[in-house]
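What follows is each chain in one-letter form.
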Amino acid sequence: MGKVLMKGNEVIAEAAVHAGCKYFFGYPITPQSELVAYMARRLPEVGGLFLQAESEIAAINMVYGAASTGVRVMTSSSSPGFSLKQEGISYLVGSELPAVICNIVRGGPGLGNIQPAQSDYFQVTKGGGHGDYNLPVLAPASLQEIVELTQEAFDIADRYRTPVILMGDGMLGQMMEPVEFGERSETEQFKKDWATTGTRGDGEPKIITSLELDAESLERRNCNLQQKFARIKENEVRYETYFLDDADYIMVAFGTTARITMNAISKARQEGVKVGLIRPISLWPFPEKPFIETRDQVKAYISVEMSAGQMIEDVRLAVNGHAPVDFYGRTGGVVPTQEEIYDKIMMVARGVQV
Amino acid sequence: MTMKTVFKKTNGLTDKPTHYCPGCTHGVIHRLVGEVLEEMDILEDTVGVASVGCSVLSYEYFNCDMTQAAHGRAPAVATGVKRVLPNRMVFTYQGDGDLASIGISEVIHAAARGENITVIFVNNAIYGMTGGQMAPTTLIGQKTATTPFGRDISIQGSPIKVCEMMSTLDGAAYIERVSTHDVPHIQKTKKAIWKAFETQKKGLGFSMVEVLSTCPTNWGLDPAESLEWVKDQMVPVYPLGVYKNKEGVK
Numbered sequence: 001m002g003k004v005l006m007k008g009n010e011v012i013a014e015a016a017v018h019a020g021c022k023y024f025f026g027y028p029i030t031p032q033s034e035l036v037a038y039m040a041r042r043l044p045e046v047g048g049l050f051l052q053a054e055s056e057i058a059a060i061n062m063v064y065g066a067a068s069t070g071v072r073v074m075t076s077s078s079s080p081g082f083s084l085k086q087e088g089i090s091y092l093v094g095s096e097l098p099a100v101i102c103n104i105v106r107g108g109p110g111l112g113n114i115q116p117a118q119s120d121y122f123q124v125t126k127g128g129g130h131g132d133y134n135l136p137v138l139a140p141a142s143l144q145e146i147v148e149l150t151q152e153a154f155d156i157a158d159r160y161r162t163p164v165i166l167m168g169d170g171m172l173g174q175m176m177e178p179v180e181f182g183e184r185s186e187t188e189q190f191k192k193d194w195a196t197t198g199t200r201g202d203g204e205p206k207i208i209t210s211l212e213l214d215a216e217s218l219e220r221r222n223c224n225l226q227q228k229f230a231r232i233k234e235n236e237v238r239y240e241t242y243f244l245d246d247a248d249y250i251m252v253a254f255g256t257t258a259r260i261t262m263n264a265i266s267k268a269r270q271e272g273v274k275v276g277l278i279r280p281i282s283l284w285p286f287p288e289k290p291f292i293e294t295r296d297q298v299k300a301y302i303s304v305e306m307s308a309g310q311m312i313e314d315v316r317l318a319v320n321g322h323a324p325v326d327f328y329g330r331t332g333g334v335v336p337t338q339e340e341i342y343d344k345i346m347m348v349a350r351g352v353q354v
Numbered sequence: 001m002t003m004k005t006v007f008k009k010t011n012g013l014t015d016k017p018t019h020y021c022p023g024c025t026h027g028v029i030h031r032l033v034g035e036v037l038e039e040m041d042i043l044e045d046t047v048g049v050a051s052v053g054c055s056v057l058s059y060e061y062f063n064c065d066m067t068q069a070a071h072g073r074a075p076a077v078a079t080g081v082k083r084v085l086p087n088r089m090v091f092t093y094q095g096d097g098d099l100a101s102i103g104i105s106e107v108i109h110a111a112a113r114g115e116n117i118t119v120i121f122v123n124n125a126i127y128g129m130t131g132g133q134m135a136p137t138t139l140i141g142q143k144t145a146t147t148p149f150g151r152d153i154s155i156q157g158s159p160i161k162v163c164e165m166m167s168t169l170d171g172a173a174y175i176e177r178v179s180t181h182d183v184p185h186i187q188k189t190k191k192a193i194w195k196a197f198e199t200q201k202k203g204l205g206f207s208m209v210e211v212l213s214t215c216p217t218n219w220g221l222d223p224a225e226s227l228e229w230v231k232d233q234m235v236p237v238y239p240l241g242v243y244k245n246k247e248g249v250k
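Chains A and B, in that order, give the protein sequences. Numbering of the first sequence is given in the UniProt record's numbering, commencing with residue 1 and proceeding in unit increments. Numbering of the second sequence is given in the UniProt record's numbering, commencing with residue 1 and proceeding in unit increments.
These aren't lab readings, by the way, just hints derived from the structure by calculation. Mixed in with the good hints there might be a few duds.
With a straight-line cut-off of 25 Å between C-alpha atoms, the simulated PhoX-like cross-links for lysine-lysine are [claimed, not checked]: (1) Lys16/B / Lys206/A; (2) Lys201/B / Lys206/A; (3) Lys9/B / Lys190/B; (4) Lys22/A / Lys289/A; (5) Lys188/B / Lys250/B; (6) Lys188/B / Lys8/B; (7) Lys126/A / Lys289/A; (8) Lys190/B / Lys16/B; (9) Lys206/A / Lys9/B.
For each label pair, taking beta carbons as the anchor points, the in silico distance ranges come out as [what the hints assert, rightly or not]: (10) Gly47/A / Pro22/B: 44 to 54 Å; (11) Gly182/A / Lys201/B: 16 to 26 Å; (12) Pro28/A / Ile104/B: 19 to 29 Å.
Note that CB positions come from ideal geometry on N, CA and C, so glycine has one too.
Turn these sequences into a full structure, and let the hints steer you where they fit.
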């Protein structure tokens, strides 16, 4: 199969189908509606099922039901709808059910608007729902990367029995780029002997629940979850770095913001300012290593976000006081321009050099 | 001398003792569901969905695969299970706070879609687990923790009559309201549960049995008085009978 020109939202859907996801429960919300519409048309072709739920709450709970039978299942939404799914996501974590949930982030808080944003960073990386938990969060920056990360998301979900978040912004969902769906090499097999599919032929009844009334028992269960999160932190960190070798200044950005930032970096380098980029791909687990490796050599980090400053908190934790951390962000659906980011780089470079 | 077995515990239930209060009819309803699953020989092909409330631990008692759902969401979870496993029997077991209040949207839309699942809806006109608060099904004048002066229409409105409302939906194939206040009615309840599962087995669409039940603890009545209260106070407000039997399931 060669390259095809597709819209980001449709790429997510097609990549999910390629990953073996045959069940999708959705609810319309801009700017991810194309994803839902694509699934409605596509899944019957592969013998799967698309169902439009009455709400995001119902959709995530249908996902819970389907996931409890052991199949690959997905839902998607955008910020306000993603908030509604939080209860269900917490239950998925507590019951250790695998699923992929896509959040095409738009401007908030409240109804906000339908323009691109990254202001759900706190929500996706710090838990989101009630209880002690983290979720693997993958943030692609191009449509080709969506293809790879969507498939990775399903594997991570099955490997650790956890919901996984695929996070894009409205721009990524709406843009068109050529993509290629390569044949997937046979990945690991996941045994799902915990699935509640009826007991015929497999012995004692199975129970899927997040309830544990005894405090000591729940603590033990939570310790097991924490050990799982530790394994994810150990094995599932993803990031890319650019021009770090000689960098005096390091930009930190993810998703489409990273692409705009790259252009600003090229321009600054033409002006002789040595700037590099760390692009987190997994927002949780957050990539600490490239910061630890650079924090004693660089003059400053600059976090660039489509928010009032959320990822910057994780940058500061990773830098841990070894270097100054600056910030540039736009909110409310305003996308930072290459020029604005360039100006910020030059301002910091001059300021620190003085 | 050999003794003849005249009654034994159904294999549809596990051996775990239930946590229900004395005089609560959840235990009776559990047994009826268990007996029907066993007698229809569908125990091994069934996935049950437990809800939130007094019956949250029903997954410990039903002797089949069980999944526990968030408060009110059991019909959505059951939808997910059934859509993946159309040949399995899928049921939810929900109380009136769970189904008629926080979960009213999920159950209405499951019925509207004609979702081929069975809902066992236990109505005792109160929230039991949280300590006796008003439910949408609480009777006018009934005193609860959150209606200390009695439910007042001008403040809390009137009870929701779930069977009447659900039977207006085209996707609902079988809807019946029954009661557990005496033996003949308990027998009728079992028949209704059987017909609901039969509806699902035949693939006819959504089935629901509303079972009027007791809550001696939160009603402040003894078990015998509670049964009387169901008969004298609840049945007149919630008339028993078949509200919908689209395909004439027998």
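Hint-by-hint comparison with the structure:
1. At most 25 Å may separate the alpha-carbon atoms for a hinted pair to count; Lys16/B and Lys206/A meet this at roughly 15 Å.
2. Among the hinted pairs, Lys201/B with Lys206/A is consistent with the structure: their alpha-carbon atoms are about 22 Å apart, no more than 25 Å.
3. Restraint check for Lys9/B and Lys190/B: the C-alpha separation of about 15 Å stays at or below 25 Å, so the hint holds.
4. Our distance criterion of 25 Å between C-alpha atoms is broken by Lys22/A and Lys289/A, whose separation comes to about 36 Å.
5. For the hint linking Lys188/B to Lys250/B, the alpha-carbon distance of about 13 Å falls within 25 Å, and the restraint holds.
6. A hinted pair counts as satisfied when its Cα atoms are at most 25 Å apart, and Lys188/B with Lys8/B qualifies at roughly 20 Å.
7. At most 25 Å may separate the alpha-carbon atoms for a hinted pair to count; Lys126/A and Lys289/A meet this at roughly 19 Å.
8. About 22 Å separates the Cα atoms of Lys190/B and Lys16/B, which keeps this hinted pair within 25 Å; it holds.
9. A threshold of 25 Å between alpha carbons decides the hint, and for Lys206/A with Lys9/B the separation of about 21 Å falls inside it, so the pair holds.
10. For Gly47/A and Pro22/B, the hinted distance range of 44 to 54 Å is satisfied, since their beta carbons lie about 51 Å from each other.
11. A hinted range of 16 to 26 Å for the beta carbons of Gly182/A and Lys201/B is inconsistent with their spacing of about 45 Å.
12. Roughly 22 Å separates the CB atoms of Pro28/A and Ile104/B, a value that falls within the hinted 19 to 29 Å.
Hint violations for this structure: numbers 4 and 11, all remaining hints satisfied.
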